[in-house]
Amino acid sequence: MKQIKFRVIIVGIVFTLFFTIIGAKAMYLQIFCRSWLSEKAANQYEVSLKSSGKRGTIYDRNLREMAVSIDVTSIAAHPPQIKNPKAAAKSLAKALKINRNVLAKRLTSEKKFVWIKRKVTPKEAETVRNLNIDGLDFLREHKRFYPNKTLASQLIGFTDIDDNGLEGIEFYCNDDLKGAVSRYTVLRDAHGRGFEAENITDSDSRGKNLVLTIDSNIQYIAEKTLAETVTKFSAKSGMAVVMATGTGAVLALAHFPFLNPNALNEFDQELWRNRVITDPFEPGSTMKIFSAAAAIESGSCSPNSIFYCENGAYRVGRHVVHDTHEYGWLSLQQIIKYSSNIGAIKFSTKTGSESLFRTLHNFGFGTKTGIDCPGETAGSLASFKKWTKIDAGTISFGQGVSVSALQLVAATSAIANKGIFMKPYVVQAITDHNGRLIKSFAPSKGRRVISEKTARTLTRIMQTVTTEGGTGVNAALEGYSVCGKTGTAQKIGKNGGYANGKYVSSFVGFVPSEHPKVAILVVIDEPKGQHYGGTVAAPAFKNIAQKTLAYMNISPKSKTDGLIVSLGSKAKACSFRIY
Amino acid sequence: MAATAEKGTQKKSMTRDKQDIQKVRKPSLQYDIALLFPVLFLVGIGIVMVYSASSALALKKFGTSYYFLKKQSIFALLGIVALVVSYHIPYRVFRSLTYPLLVLAFIFLIAILVSGFGYSAGGATRWFRVEKITFQPSEFARFALVIYLAYSMNKKKDRIKEFKVGFLPHILLLGMFAILIILQPDFGSVVILGAITWIMLFIGGVRISHLLGSLAVATPIVYFLMVSADYRIERLISFLNPWQYSADKGYQIVHSLLAFGTGGIWGTGIGGGYQKLFYLPEPHTDFIFSVIGEELGLLGVLIILGFYTLILWRGVSIARNSKDVFGSLVAIGLTTAMGLQVCINMGVALGLLPTKGLTLPFLSYGGTSLLINMVSIGLLMNIGASKKMAKTKS
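Protein chains in written order, with this note's numbering: chain A, 1 to 579; chain B, 1 to 394.
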């Protein structure tokens, strides 16, 4: 009994010792490790979330939606809270059709937050919800959707998964379109469910809307015609631009092959660019109108000045320049009408390199137009001081100079606009999420590049191109007189020289001649069989012009001045003068 | 039986046992406040903390946040009744109940393994289930083992130093229990049973060489059991380095430590903890101490530890002052059982020991555990009271 009493005390002491150790450890944790542990704990249940407001809508000029953001669910996970990452990865991979191993790696990572799959379909979200996996999070995000699919897709561009614009208007106006990013803290239980979220006001963070100058009807006309033409001539690609001559507003900007930004990855990256603006090409004979402008503006020639066209072959230094037909004496006007290269050299020689360069430069060649689109090319127009004799000759008919399709149509538009160059633009207004106008963009002031008289003279000359015997007769419209110019440029091959059988066929012009409303350019790259601009591009021009004029209610030989289009019911107060 | 006791006062020829019964049965029976108050306090705190810890879980699982609160309150009431009843049963009665208790314990342990009564949770069959009532036989087995060891060592106290008499039979019985419980599997309970046996043998006067020898034999067995189950190795690894495995194996320990750290000195207040919100596994049973650490802070932790110390020393004192070896051994056995559970549960919660699924006496949710512990307290008080009575008599 005595021994028991003694040993019982020992047991008591040992337990007391254990209790003391427990108390000491508690003190250590709760006093000394307190700040470190509580911070770490807070990190686990406080999740800082980024919420971006809805991206603004892009409308065409008739307030038809071109790009919209729709609410979608994204699935994320908090890896430390996933009890059985392998099993979770397996079932998630099956439900969402994603790679299981990649998922397993993500779910076992040290990170506090990983994406499982973003912007899932409602059905997928429902399936995953029903899996009841702890530690998953369902976040509301916005997905960019282009309801018209391929319409004007290269112009509008697209966004990445984080709603940042990557190309086109989406990129250029990203700051306006993008919703404000708000950060907020949510306390979460281990299942990832928020239990004390702050309220987020959505309307404030929404991005602004854009109203484009594009008219989706004209855009559709241009795209349809382009598709038909490219297909008919088995060409590589095509571009078409329709611009309001008085303002510089781009009404249509079409590319073929089409691009559907809703399924971007199914398309070649080559198609992603807005090539009208980014890609320079040798214009060929369309350049002659600007050489003629230089000749007339400088006063060295009149439309009736005559030049000997050497019967189709003319030696300049070591090079021989050919015409497609053999001509003898032609007036300047005829040189344009029949598109004689030799004639162009002749009258440009008379004009002089400096005057030619000045005029071309004034028309905007060699400099960016400053359109509100990303990635614009300036083209290339070397200073006349660097020109050799052959350069001065070839530039006059569009070789040894490169331009963007936009530059070409804008310069042509300047002739239609009585010699005043208007800076092209595609965004005409910014509105808030209620459709109220925030900012509108008026057409630029314009820059006189040639005198009104010269412009009138050129208009007359360009009119002859589409008359009987002219290269552009296929562009002639019934009931309207058409000004235009064909272009057929041999493409530069890989080794620097001109490639055989590869052409860029184009037609640029404006209608109606008397009171021009729209300037139109059609460029067809590498047509097969036919390659003359007058055969390939001119009919397309005609088609676009005809339908556009009909759509715009411009009656034959009419003198209608303009249309007023209101910006929809929500913004009746503001209207835009267009065309 | 009461009548027998009344008569017994007049009879000089009655046995010592009968005398004791008579003394204990006297209406002047005093409640041991120093033991009762800490116990009732802990049970009360337990109900509050079970509610706080389990409400979110209960809401998710059963649609009402009161699910565990209701059940624990009923257990507490039953527990108090059980305490009072067992207090009024002379502890010597348990001596004669030794073998029935043992047999019952074995029946339960075997039943859950072989019959359809076994009820599994978390991959282990640890509960016996009839209708809606679940019952944890290993808790009962612990109680039966303490009674048996006290009975047996008391009987053999003169030959206790002999290996075959004082040591081997007790170890064999322990082994039988251990095998049945390890099959559930419930490694934690086996460790506790082993430790109780070892300590009681030590108190009972078994040779130190036998005890040390048994340690030498047990260590490889324990080691083998540890490495035989993957989850036990994982627990060990995570215990040694919880932060490195905080995402999976160390998850429980890490969140428990975070709970303590967040609580600080004063705690976040009852209901103000976050770790119970599905971060901590079993916040109302195995990890209730972590919830206490977070919500009641160091202050609450130390107060609760203080009450356990009080209970421990009351137990030690009762064991020391018991007038017979049986009472002494029962008292120290029950005290040891509780003390071990407290140490292991708190040690796990604080990251001092590898994870073991053991409840915290009086505080954790769980009917069997609470009832057995309340009966133990009643029994302890009875042992203590009978000594007091003896003293006042003499």
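Misleading hints may appear alongside valid ones.
Stated by the list, open to error - Partial list, computed: chain B residues near chain A (C-beta under 10 Å):
(1) Leu101
(2) Tyr231
(3) Gly261
(4) Ile265
(5) Gly269
(6) Ile270
(7) Gly271
(8) Val301
(9) Trp313
(10) Ser328
(11) Thr336
As the list claims (entries may be wrong) - Pairwise CB distance ranges, derived in the manner of DEER restraints:
(12) B:Ile182 with A:Asn265: 53 to 59 Å
(13) B:Leu240 with A:Glu270: 54 to 60 Å
(14) B:Arg129 with A:Asn132: 23 to 29 Å
(15) B:Gly271 with A:Ile9: 24 to 30 Å
(16) A:Asn99 with B:Leu172: 53 to 59 Å
(17) A:Ser109 with B:Phe37: 48 to 54 Å
(18) B:Arg129 with A:Asn130: 39 to 45 Å
(19) A:Lys119 with B:Leu78: 54 to 60 Å
(20) A:Lys83 with B:Leu240: 48 to 54 Å
As the list claims (entries may be wrong) - Only pairs whose alpha carbons sit at most 25 Å apart, straight line, appear in this in silico DSS-like list of lysine-lysine:
(21) B:Lys156 with A:Lys2
(22) B:Lys61 with A:Lys2
(23) A:Lys149 with A:Lys547
For the record, the hints were derived by calculation from the structure and aren't laboratory data. Nothing here was measured: the structure is a model prediction, and the numbers come from that model. C-beta atoms are modelled at their ideal positions from N, C-alpha and C, and glycine is treated no differently.
Going down the list of hints, with the structure as the test:
Residue-level restraint check for B:Leu101 is violated (minimum Cβ-Cβ distance to chain A is 22 Å; threshold 10 Å). This hint is violated: B:Tyr231 has a C-beta 13 Å from the nearest C-beta of chain A, more than the 10 Å allowed. The restraint placing B:Gly261 at the interface with chain A holds, with a minimum CB-CB distance near 2 Å, inside the 10 Å limit. This hint holds: B:Ile265 has a C-beta 6 Å from the nearest C-beta of chain A, less than the 10 Å allowed.
Using the Cβ-Cβ criterion of 10 Å, the hint placing B:Gly269 at the interface with chain A is not satisfied: the shortest such distance is roughly 14 Å. The restraint placing B:Ile270 at the interface with chain A is violated, with a minimum CB-CB distance near 16 Å, outside the 10 Å limit. The closest approach between the C-beta of B:Gly271 and any C-beta of chain A is roughly 13 Å, which is over the 10 Å cut-off, so the hint fails. Checking B:Val301 against chain A: minimum C-beta separation of about 5 Å stays under 10 Å; hint holds.
With a cut of 10 Å, the hint placing B:Trp313 at the interface with chain A holds, because the nearest CB-to-CB distance is about 6 Å. The interface hint given for B:Ser328 is met, as the beta carbon of that residue sits about 5 Å from the closest beta carbon of chain A, less than 10 Å. Interface restraint check for B:Thr336: the shortest CB-CB distance to chain A comes to about 6 Å, inside 10 Å, so the restraint holds. Judged by the Cβ atoms, the range 53 to 59 Å given for B:Ile182 and A:Asn265 holds: they are separated by roughly 58 Å.
At about 58 Å, the CB distance of B:Leu240 to A:Glu270 agrees with the hint of 54 to 60 Å. Under the hint 23 to 29 Å, the C-beta atoms of B:Arg129 and A:Asn132, about 26 Å apart, fit the expected range. B:Gly271 and A:Ile9 have their C-beta atoms about 41 Å apart, which leaves the hinted 24 to 30 Å range violated. Range check, A:Asn99 to B:Leu172: about 57 Å between beta-carbon atoms, so the 53 to 59 Å window is met.
A hinted range of 48 to 54 Å holds for the C-beta pair A:Ser109 and B:Phe37, which are about 51 Å apart. For the hinted restraint 39 to 45 Å between B:Arg129 and A:Asn130, the CB-CB distance of approximately 30 Å leaves it violated. One distance hint, 54 to 60 Å for the beta-carbon pair A:Lys119 and B:Leu78, holds here, with the actual separation near 56 Å. For the hinted restraint 48 to 54 Å between A:Lys83 and B:Leu240, the CB-CB distance of approximately 21 Å leaves it violated.
About 17 Å separates the Cα atoms of B:Lys156 and A:Lys2, which keeps this hinted pair within 25 Å; it holds. Taking the CA atoms of B:Lys61 and A:Lys2, the gap is about 54 Å. The hint is violated against a cut of 25 Å. For a cut-off of 25 Å, the pair hint linking A:Lys149 to A:Lys547 stands: about 22 Å separates their Cα positions.
The structure fails hints 1, 2, 5, 6, 7, 15, 18, 20, 22 (numbered hints given earlier, in ascending order).
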